[in-house]
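Given next are the chains, with one letter for each unit.
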Amino acid sequence: MTTELPTDIKSTSSEIQIDKPSSKWLPPGLALQKVDEKIMTLNVGPQHPGSGHMRLIVQIDGDYIVACDPDPGYVHRGEEKMAEYRNYITNIPHLERPVIHDSCNILYPYVLGVEELLGIEVPERAKYVRVIAAELNRCIYIMYWLAIYGIFLGHSTMFMWPTGDRELLIDLMEKMTGARVTHSHFIPGGVRNDLPANFEEVCLRQVNYFEKRIKEYAAVFYDNPILIARTQDTGVLSRQDAIRLGVTGSVLRASGIDYDVRKKEPYDVYDELDIQSIVMTEGDAYARSKIPWLDMMDSCNIIRQALQKMPKSGSVRVKLKPNPKGKGFDTVYKRVESGRGSLGCYIVSDGKPEPYRLKLSVPSFRNLIALPYLLKGEKLGNMPSVYWSLNYWPVEADR
Amino acid sequence: MLKDLLTPETANVFVGKLGDMLEKAIGKPLGYAINWGRIWSLWPVHIETACCSVEFGAASSPRYDVERFGIIEAFGSLRQCDLIVVQGTITRKMAPRLRLVYDQMPEPKYVIAMGACAITGGLYFDSYNVLPGIDGILPVDVYVPGCPPRPETLIQGCLLLQEKIKRMKARTIV
Amino acid sequence: MSSDSAKPTTDSKPEEKPTTDSKPEEKPTTDSKPVVKKPEEKKVELPAFEKSISDKIVEKFGDKVEVAFVKKDRVGINVSRENVHDVAEFIRDGLNYDHVESVSGVDYPQDNEIAVVYHIGSYSDPSLARQLLVLSTRAQREENPIPGSDATRLPTLRDIFYSVEFHEREIFEMFGVYFEGHPDNRRLLLPEDWADIPPLRKDFAIKGR
Amino acid sequence: MGTATGIIRALNSGIKHLAVKRFTLRYPEEKLKFVGDGYQYDPSTGVGIAGLKGRHLLFHDKCTGCQLCAIACEGVAEAIAMVKVPEQHKHNKKAIMPQIDYGKCVFCGLCVDACPFYALYMTNDYELSTFSKEGLIYTPAQLQVKPYVAQDSEIIITDRGASHG
Numbered sequence: 001m002t003t004e005l006p007t008d009i010k011s012t013s014s015e016i017q018i019d020k021p022s023s024k025w026l027p028p029g030l031a032l033q034k035v036d037e038k039i040m041t042l043n044v045g046p047q048h049p050g051s052g053h054m055r056l057i058v059q060i061d062g063d064y065i066v067a068c069d070p071d072p073g074y075v076h077r078g079e080e081k082m083a084e085y086r087n088y089i090t091n092i093p094h095l096e097r098p099v100i101h102d103s104c105n106i107l108y109p110y111v112l113g114v115e116e117l118l119g120i121e122v123p124e125r126a127k128y129v130r131v132i133a134a135e136l137n138r139c140i141y142i143m144y145w146l147a148i149y150g151i152f153l154g155h156s157t158m159f160m161w162p163t164g165d166r167e168l169l170i171d172l173m174e175k176m177t178g179a180r181v182t183h184s185h186f187i188p189g190g191v192r193n194d195l196p197a198n199f200e201e202v203c204l205r206q207v208n209y210f211e212k213r214i215k216e217y218a219a220v221f222y223d224n225p226i227l228i229a230r231t232q233d234t235g236v237l238s239r240q241d242a243i244r245l246g247v248t249g250s251v252l253r254a255s256g257i258d259y260d261v262r263k264k265e266p267y268d269v270y271d272e273l274d275i276q277s278i279v280m281t282e283g284d285a286y287a288r289s290k291i292p293w294l295d296m297m298d299s300c301n302i303i304r305q306a307l308q309k310m311p312k313s314g315s316v317r318v319k320l321k322p323n324p325k326g327k328g329f330d331t332v333y334k335r336v337e338s339g340r341g342s343l344g345c346y347i348v349s350d351g352k353p354e355p356y357r358l359k360l361s362v363p364s365f366r367n368l369i370a371l372p373y374l375l376k377g378e379k380l381g382n383m384p385s386v387y388w389s390l391n392y393w394p395v396e397a398d399r
Numbered sequence: 001m002l003k004d005l006l007t008p009e010t011a012n013v014f015v016g017k018l019g020d021m022l023e024k025a026i027g028k029p030l031g032y033a034i035n036w037g038r039i040w041s042l043w044p045v046h047i048e049t050a051c052c053s054v055e056f057g058a059a060s061s062p063r064y065d066v067e068r069f070g071i072i073e074a075f076g077s078l079r080q081c082d083l084i085v086v087q088g089t090i091t092r093k094m095a096p097r098l099r100l101v102y103d104q105m106p107e108p109k110y111v112i113a114m115g116a117c118a119i120t121g122g123l124y125f126d127s128y129n130v131l132p133g134i135d136g137i138l139p140v141d142v143y144v145p146g147c148p149p150r151p152e153t154l155i156q157g158c159l160l161l162q163e164k165i166k167r168m169k170a171r172t173i174v
Numbered sequence: 001m002s003s004d005s006a007k008p009t010t011d012s013k014p015e016e017k018p019t020t021d022s023k024p025e026e027k028p029t030t031d032s033k034p035v036v037k038k039p040e041e042k043k044v045e046l047p048a049f050e051k052s053i054s055d056k057i058v059e060k061f062g063d064k065v066e067v068a069f070v071k072k073d074r075v076g077i078n079v080s081r082e083n084v085h086d087v088a089e090f091i092r093d094g095l096n097y098d099h100v101e102s103v104s105g106v107d108y109p110q111d112n113e114i115a116v117v118y119h120i121g122s123y124s125d126p127s128l129a130r131q132l133l134v135l136s137t138r139a140q141r142e143e144n145p146i147p148g149s150d151a152t153r154l155p156t157l158r159d160i161f162y163s164v165e166f167h168e169r170e171i172f173e174m175f176g177v178y179f180e181g182h183p184d185n186r187r188l189l190l191p192e193d194w195a196d197i198p199p200l201r202k203d204f205a206i207k208g209r
Numbered sequence: 001m002g003t004a005t006g007i008i009r010a011l012n013s014g015i016k017h018l019a020v021k022r023f024t025l026r027y028p029e030e031k032l033k034f035v036g037d038g039y040q041y042d043p044s045t046g047v048g049i050a051g052l053k054g055r056h057l058l059f060h061d062k063c064t065g066c067q068l069c070a071i072a073c074e075g076v077a078e079a080i081a082m083v084k085v086p087e088q089h090k091h092n093k094k095a096i097m098p099q100i101d102y103g104k105c106v107f108c109g110l111c112v113d114a115c116p117f118y119a120l121y122m123t124n125d126y127e128l129s130t131f132s133k134e135g136l137i138y139t140p141a142q143l144q145v146k147p148y149v150a151q152d153s154e155i156i157i158t159d160r161g162a163s164h165g
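Chains as they are written, first to last, in our numbering: chain V, 1 to 399; chain Z, 1 to 174; chain U, 1 to 209; chain X, 1 to 165.
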């Protein structure tokens, strides 16, 4: 089942006839809209294993999805507003909450941006520690994503194995930072604490074992004919449309565009490390689900390189003044490659200890736009695989 | 003598006393048995409300394997569930939906507030869109602190809930 | 919460007036003096490639556009709201930028304006992979906003960059900027019963602050 | 690869796991081993010491009641409140010490970073679940007690897979 690719993308979400808010207006889910005799409106979520913290309002004709209107915002917590009332240091625990299992990566652009605003030079060792933490966190994120992908497809083994194996890396992060998922480890000017004794050795051993483990997933999951039958040629996103929709991360690379921020705009020490960015050209759900898995092997490689090149001793943190502030009006936009794609942070400073405006440009929100487009014309049973293959984490999209 | 006692006036009293004795003899063990059944089949509703669901997933991973205790098994329909674990922040948009889910669950039902956001609002104490804790909308049985709580803390909370159910009267909740 | 939000915040002092009117000759902030090391003042020269991009835009539009800053990998352009559509079209067709990465609103109550900042990047042109073009425009700000039916309006860029669709919906609900021509100006993230002013405006005060 | 071979390969890969060691940590009986005694901070060098961010430990003989931890927490979670303590210390004129509400605390450790007198550390204690909200509020007297946390297992990687000792 392939999607008809229109030459000119029309609005998909706007085709659902939802009345403008009025006094009698009900939430779109509670008001049943009668569109056609044949077409039925179906609400998936927010309490549904296949949607998570968001709702998809789908209209189906028989088994085929006619239109889909995502309804995010169930975890909208106003991070950006609250950031305007907190200084650059106390913002740190807040800004990692949108993706707690990828918390180093979501904090990364913010920390880089604040360093540029304040003009702080980071010690060399701290840069390597950050890269290791970020890559470990990327693997932790992808493993959790993979586990839920398995559950979505009814593949329970693929829930158990990744959640189990990701504990190996969580254990490493816990040794490093003292918390399982919410590390609050990066700070403008370096990292909070140095690595514990003989961390390098333990890290190398566990990462090697981890890599051996994830290679086994090929037999049970990626080469599994049932998975291939369910995901191949499902939700195809062509190269041209991927560019126009402005998607990012694995979704983009599955459509044949070689774009990885670590490679194109290297931050910290990524320019000294050898990174392959994996590109596939099919653009279907199978390619989108395979790229993160290959990314993890790449991450293991990067961790090994970083462990080798890291200075064995030295400072990891520059001492900051209390309440650091920038000089006058300034803006900065920094981006990093997170587990889901390019993650940007736009900070407007007006010379106070608090940011004047802070905007997180999150990959989940950018990928969401592809969902109504991809689901159009798919079977309803393919909805979970297409939805989760977009690498979408609702808490992040809502912020 | 028995005949004297069993006058029509006192018969009602005797039957009532007999009922009380039966209640004491059978009711307590029966209640214990009912509770015993309940504590080993605490199945949660599959509702993720925020980011604590990551550690909730980790609790059922092979490392912690919370199903050893007969609790928190990943399960389908909310009409057959008796535990709701509120996994983190409840926003103003989510709150009516959470209550809707809770109301659809059959009695008896238990609530675990997981994470600082569910207990008091946590980090989001001054956010414009977050409820300061879920006490206002659901009766909470056990509080599991942390942001997010470690799986061990969640398991400990679940064991506390089992302990609590064991001491509850089985028939107070019909 | 609604009662708090009615009163304007006090921390937006008029003397610290943030303006984007900085000239391109001004030194880029990437080279701002570091606190810890490198205390020397060095002569700033603008990066050549970024300068050529901004020159192309200035050449085409003359004084309709204003170059806000030219930093490493970032070019900032300020446009008035009448010209933003034309400039964006030129950016797509003439300069090969093809998608919008982020759309942020910034509220400036002291200027009585709301800035909408588009960060535009390119996937199809490898030479532009590092670059981001920061296109900034400003909408008129109303003291008592009625989102959708007051003067806070901007032309949409959705027909040029399709990827702004959800971003512009977010700006609409968070700042009350109505995008004319956008087919789908509906609420996205906030609860359905939200009746307060758009929350990311500066005069919306959060609890206890 | 044909459909049948694919399925057989998948089954084979699963069956091999019967020989792999059990990864489960039997939690209430055995507990995880952590690095060090919990997260600590050295104000003189400005670098932390790696460790678990668990429940706090307050040294009454070092706390001066300067409220820096409460100020640090103000922007994060407002979990720390300064309360009167009955005991008198020469360095603590106001006789106030932090009281931590673990219903609000997010275990970020920024209060430990803020303390200039080595008075506030974090420990390995993470078993804090209670029946009531009030039970989560730890007074200075409760924070003084150093918890005993059994630490007896660690991930061990052998040829037969990873396990907990």
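Source of the hints: derived by calculation from the structure; they are not laboratory data. One thing to keep in mind: the hints can contain errors.
Reference excerpt, derived from the structure (chain X facing chain Z, CB under 8 Å, subset only) [to be verified]:
1. Phe23
2. Phe59
3. Lys104
4. Phe117
5. Tyr121
6. Leu128
7. Ser129
8. Phe131
9. Leu136
10. Pro140
11. Lys146
12. Tyr148
Beta carbons are placed, not taken as given, at the ideal position from N, Cα and C, and that holds for glycine.
Check your understanding: What hint numbers does the structure not satisfy?
Key -> Of the numbered hints, 2, 4, 5, 10, 11 and 12 do not hold.
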